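Please take these sequences and the hints and turn them into a complete structure.
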Amino acid sequence: MTDPINRRGFLKVTAVSLGFGALCRVAPLLATPEGRAVARSLSRKNGEAPRPFSFVQMSDTHVGFDGAANPDGTRAFERAVEQINGFKERPDLVLFTGDLTHDSENPGEHADRMKRFREIAGRLRVPLVKMVPGEHDAGLDGGALFRDVFGDSSYSFDHRGVHFIALDNVSRGKPTVGAAQLDWLKNDLARFPATAPIVVFTHRPLFDLRPDWEWFTADGDRVMNLLSPFENVTVLYGHIHREHSRREGGVEHHAARSLVFAFPDPASGAPKKALPFDAAKPFQNLGIRRIHAGPGPARPPIEEIELTLREFSGTVGLQQFSREGELS
Amino acid sequence: MRMRPIAMVCFAVAAVALSLSKGALPARADEGPRVIPVAARRFEFSPARISIVKGETVTLRVTSEDVTHGFFQRDLGIDADLAPGQPADVTLTPKVAGAFTVICDHFCGAQHGGMKMTIVVE
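If you read the sequences in order, they're chains A and B. Heads up: the first sequence runs through residues 1 to 328, numbered per my numbering. Heads up: the second sequence runs through residues 1 to 122, numbered per my numbering.
Hints are computed from structural coordinates only; laboratory data are not their basis. Quick caveat: nothing in here was measured; it's all calculated off a predicted structure. From the three backbone atoms N, C-alpha and C, an ideal C-beta is built for every residue, glycine too.
Rough simulated footprint, nothing fancy, chain A against chain B, three-plus residues with beta-carbon under 8 Å:
1) 63-76
2) 106-112
With a Cα cut of at most 27 Å, we get these calculated DSS-like pairs of lysine-lysine:
3) A/K115 with A/K130
4) B/K116 with A/K273
5) A/K130 with A/K88
6) A/K186 with A/K130
7) A/K272 with B/K116
8) B/K116 with B/K95
Anything over 12 Å on all C-beta distances counts as not near chain B; from chain A, calculated:
9) F87
10) G151
11) L226
This is how it looks when you write it as C-alpha cells:
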C-alpha cells in the first residue's frame, strides 16, 4: 500500500515575477483522497494544512532616494501598488524584503521617509503586509527606527500551512544574522516536520553571491545549515536590485528587482553602479513577473511583465520558484 | 699596552661579526613585515590602491578616522572591524596574483556601497 504521506507533487509553491517582486502561489494538491490525507497529516504535524493562496514580494523601494539613478522618487513604488491592487486574484499578503527607505543622517528625516513608506504601503488592499529591514533602514541606528515603526525585525508566522520566517541580516551593521537570531531560528524550526513548506524572507542573500559587491551574509551558511533538514524551503531576498535565482543545496533563493533603480549583472564586467535612468522608460528594469502556478508535475506557464506607465507589457517569463513537496 | 698581531686579528673578526649581527638578524626581527598605513573614512580608503608582491608578508595598519567601518576581502581572508581611532593590523601573505577589491562591510551611510580599495598582488 502506498504511504499517503510520501507522495511527490503534493505541494507546489510557485511564483509570478512582478519584476519588482513576485506574486507567489501555494497550491497543494487537494483533489485526490491521497492529497487530502497528506493535508490532514501535515495539519496534525504543522497545526494547519496548506491551502491555496498567493502573495507578493516587493523590495528596495528606497523611499527618500534622490539621485540621478531615479529622479522620480517613489513613482515606481506607487505604480506597483496600483497594479497589485488591480490584480483580479487578490494576494493574501505582501512581503517587503528590505531597504524600504533610503537612509538619512538626520533621524527626523529618516523617520519621515519611513512614514512616507508606510503611507504608500498602506494603500495596498491586501489583508497582510510584512517586512524586514535593509541596511539603509537599519544600518545607522541598529534597527531602532524600524522596530519603533514595525516591531521586531525577525519573527515568524504561519499562513495557510506555510511557515514564513523574517530574518534580519542588516541591523548589526555587518552583514550577519548573529548568534542570538540563529538560536531563535533553531528553536522556531524545532516544531516542524521536514516536509513543512517554509518561506524565508530577508534582505541580503544568504549565500556568497558576490562578496566584493557586499552581496553575501557572513553567517548565511549557518542559517542554511539550520534549514538543511527541511525539504520545501524558499528564500526571498532583495538588496541586489535585480532578478536572480539560484538553487543551493535543494533550497531555492530568489532576488527581486528594486523599485528605484537596477544594478548591472556582475558577470557583465560592469562596475557596481546603478544603471542609468531613461526618462523615456522610467520603469525600465522595474517590471512585473508573473508565474501561473497549479498542482501537478508540469511547470507552470510564465509571463514577464514590465512595469510600465500605463499597462503591463512583455511576455518573456522566468519561473521564480517551484518545488514539489514530499512528506516523509 | 701593545696587542700582538694575532690578537688584533681576532678582535677585528669579532668586531665585524658583532657588527653584522647588529645590522642584520636582530634588525630584521625588529622590523617584521612591511607596514602599510591605510586610512578609512566615509566613503573611501586611502590609499585606494596598493601593490604587494606575491608571497610578500605585509601588514595593513587600518585606522578609521570617523565612524565604525569594516575591512573585508573574502579571497584574501580579510575581515576586520574598524572602531574609530583604533588601528587594526591586518597581516597577509598573498599566494595568488591578481587585483582584489576590499570593501567596507559595516554600513556607514548613503555612499557606503562605493567605499572600497584595491590590493594588487603582482
